[in-house]
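Novice: Heads up: the sequence lines are chains A and B, in that order. The first sequence lines up with residues 0 to 303 when you count with numbering that gives the first Met the number 0. The second sequence lines up with residues 0 to 594 when you count with numbering that gives the first Met the number 0.
Because the hints were derived from the structure by calculation, they are not lab data. Keep in mind it's a predicted model, so treat the numbers as computed, not measured. A hint or two may mislead.
[Unchecked claim] Beta-carbon label-pair distances, calculated as ranges:
1) B/Gly351 with A/Gly31: 16 to 26 Å
2) B/Gly376 with A/Val76: 39 to 49 Å
3) A/Val76 with B/Leu423: 28 to 38 Å
4) B/Leu423 with A/Gln164: 29 to 39 Å
5) A/Gly180 with B/Asn519: 27 to 37 Å
6) A/Thr111 with B/Leu423: 44 to 54 Å
7) A/Gly31 with B/Phe482: 27 to 37 Å
8) A/Leu148 with B/Phe277: 43 to 53 Å
9) B/Asp429 with A/Ala147: 46 to 56 Å
10) A/Gly180 with B/Leu423: 19 to 29 Å
Just so it is clear, CB atoms sit at the ideal spot from N, CA and C, and this is done for glycine as well.
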Amino acid sequence: MLTLQLLVNGIALGAAYALCALGFVLVLNATGAVNFAQGDMVMAGGFVAIALVSLWPVPGLVLLPAVVLITGLLGLVFSAIGYFPLKSRPPVSVFISTIALGVIFQNVAMVTFGPEPRATPPLLVAGNVDVGGLTVSIQAIAVILIAALLVGGQHVLLMRTRLGQSLRATAQDREMAAALGIRVNLMIALTFALSTALAGVAGLLLANTYFVTPTDGTNYILKAYIAATIGGWGRLHGAIAGAMLIAVFEVMFPALPLLIPVLPVAIHGMFSQTSASIVLYLALLAVLFLRPQGLFGEIAQRRA
Amino acid sequence: MSRRALISGLMPFAGLACLVAWPLVFNSPYDLRVFTLVGIYSILVLGYQFIFGHAGALALTQGAFFGIAAYVTGILGAKFGWSFPVTFPLSIVAPVLVAVVVAIPVLRLESHYFALATLGIAQVALLIAIKWESVTGGANGLAGVPGIGAFGLVLPRGYPTLAFVWGIAGVCALVAWWLMRSLRGRAFQLMRTSELAAMSIGLDTARLRFLAFLLSAAFAGIAGALHAHTLRVVSPEVLEFHVMVTCLTMAVIGGRTRVVGAFLGAFLLVQLPEWFRFLEHYYLIAYGGALLAMIIVAPDGLVGLLDRIGARLGLRPRHTLPAPVPLPSAAPEDVTAEVPLLSVNGLTKRFGGVAALEDVSFQVDRGEIVGLIGPNGSGKTTLVNIVTGLTPADAGEVRLMGQDITHDPAFRIVQRGVARTFQLIELVDDMTCLENVAVARLTKLGAGFGRSRSPTEVDAPFGLAKRQAAHLLERLGMLEAAFEPAGNLAQGLRRRLEIARALALEPRLLLLDEPAAGLNEIEQQDLAIRLKGLRTSGLALVVIEHNVPFLMAIADRLVCLNAGRVIAVGKPSDVRADPNVVAAYFGAQPADGLP
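Could you put together the complete structure from these sequences and hints?
Specialist: Quick look at the structure:
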């Protein structure tokens, strides 16, 4: 029972990670550049929600469209400053410019909201429900549902709409897309907007349970990166699977002594949040070393 | 000496004078400590320049190495009471060891993977520092770190500590300058522009990057240890990401590859926030803004900016063409002439299910020009890539003068005497033609990393390399372009420059991948004459071309590939008339001849 409960929490966390990782990979595919501030956009989403709720105290779900809109706009600004002036330079330049933007976001948040952890309002209401003898928090279920909806919506957008076709064409081969009359720069700007909006929603979803502080970005970008690496660099579905795997591991690992009572008490201390992060990182190194194409991928992709 | 030369010659002394005057003028204890920190950060950035600037890899570990060293000094000093002569070396060794372990899986990755993978180390180190309270003091850190000292004597704060730190910074600067001067610096420039080209001149790029990474870690170790001694406390702050961001910003703002840039960046970014302290967190926003502005406006940093201003004012010394010196004539070969220069036997390569090469065999003799033809996708470039060690073969062997080189790494095959050019030209666009060629003399002149030379001949290899490069440019009829940046050249000259660079390796065999592509007819004729001239020295050429008339004019033999198989070998006229060859180019129906 406890296992199942933890599993639900893990999936909820993973759903939010997946949104962040998805945005990360979308920009990566469209521009070949890493957006290092993707984690800071998660943080920004959390604080945008907190700012909104202080003006207008409503449940998180009502705030969702506003968060999408504001963080999406932020993404447009972001691409205008951090990407377009550098698009013909080596990708490392964009990496550095996004680090710089991340630092700016972080400290703007620090100046505005202070260093203390804050929480966003729950999506619907606080509390738990009983599902077949399983006590689950309403927030976790809502998070999973909303993330699933967004991932599905993103899939439909990319696969079933004309805009999505243009976005994919741009990611695949920019010059070819331009030759076909697609407005490549607009598509890239929209990809940034989509990516930061996804991260922003992740911030709204996460910050109720896990709080948000201005320096959280580094943690989230690492998670997005590990998810993208485990899932196979540049693969959307891989990144989602990777995010789930990480999150479930993160939630389960510290609870292992409870789940497996036969573990000797002497080593219980080894199972903490900290050691979970360390094991995760070592796993990342192992994946990089043994399967650079990711756990699920077959083709190794080279991206300069 | 002209006035200009005088001014540029006096600049370093003026800089040095400012450096000495600064702590004499701003001499409160607080000012002195801040200036000591400038020295410490300079060392950190000097180290970071190895991996980020020279090797061109965006590592995000420098902050972690710094913090790890600070903790080693802190723990050993405050908890165990060990003193500087023991803790200092250990503080350098610790981050270097971490670097070695991390480098194995991470260093071969491309930039993005690399940057993010290295960031993880910093996060893990920070977590450990906070959680492992019994050793690290947790979130509060450790107080009571001893000052720099030995045998019961401790350097007082203020001037003595400052002088010591700056003395070490001076030594570090000299080491950094010495390691990256002349040919080596250019070799790193080539490597970060084009890894492929670096391998093609015989550089072991993986090893160079590894050494750069270890040097970065060692310098970070020095800086971290000194930081702990200066502040007398260590806290998790030294491991936080903002240390890394600060270091990166210093390198970008000062300049990524120049010693002066490290000091300039460290000075500005340590001093300015001190003056603007009233801005509190806003100064970090300004950091971010400055980093962003610099990366967009002046990616070479302030040093690059000053250079450009200096060049506009005419402060640069004028280029004088070095007197050309021919390369040493090839040593007599110890192998009997019966062994062919190159023999390829039964080479097979599959990509997935597709056979790119199927049982390919042929030979090349000394002084011979062999043309390699075949329709697109017939495996020509794959063949060259296997011979030069860029792609591993599935089966078969490649022998050079009888010796098996099938499994040698690319750089070693180059060192054995196989040079190549690329279909898509790989040159350093902002380096002069002369330097583009001179850098290929690195391995032959023995100025490689880690090889010592006596200080009296500091620049001797570079000077000689340039003179030899001038000779090669002359031979290819492009000496007048010697000081032109390679990026300014027309296509025909770029091809020739790449050939000159390949010749600088003193090869026995030169593989040219579509040398006539993109050349007009006059340029093609010129190239044909020059290529024929090359074999007088016994050099053999393998020329991949689609342009059959061009090959007819120069080749002794043609080898024709189709769908990964050799379908014809022999005299150009015979191969051209071969029905199989005609069929390969035109489909099943035989035609009158090839275009």
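Novice: Against this structure, judge whether each hint is valid.
Specialist: Hint-by-hint comparison with the structure:
no. : hint                               : in the structure
1   : B/Gly351 with A/Gly31: 16 to 26 Å  : holds (24 Å)
2   : B/Gly376 with A/Val76: 39 to 49 Å  : holds (46 Å)
3   : A/Val76 with B/Leu423: 28 to 38 Å  : holds (36 Å)
4   : B/Leu423 with A/Gln164: 29 to 39 Å : holds (30 Å)
5   : A/Gly180 with B/Asn519: 27 to 37 Å : holds (33 Å)
6   : A/Thr111 with B/Leu423: 44 to 54 Å : holds (49 Å)
7   : A/Gly31 with B/Phe482: 27 to 37 Å  : holds (34 Å)
8   : A/Leu148 with B/Phe277: 43 to 53 Å : holds (48 Å)
9   : B/Asp429 with A/Ala147: 46 to 56 Å : holds (50 Å)
10  : A/Gly180 with B/Leu423: 19 to 29 Å : holds (28 Å)
In the structure shown, no violation is registered for any of the earlier numbered hints.
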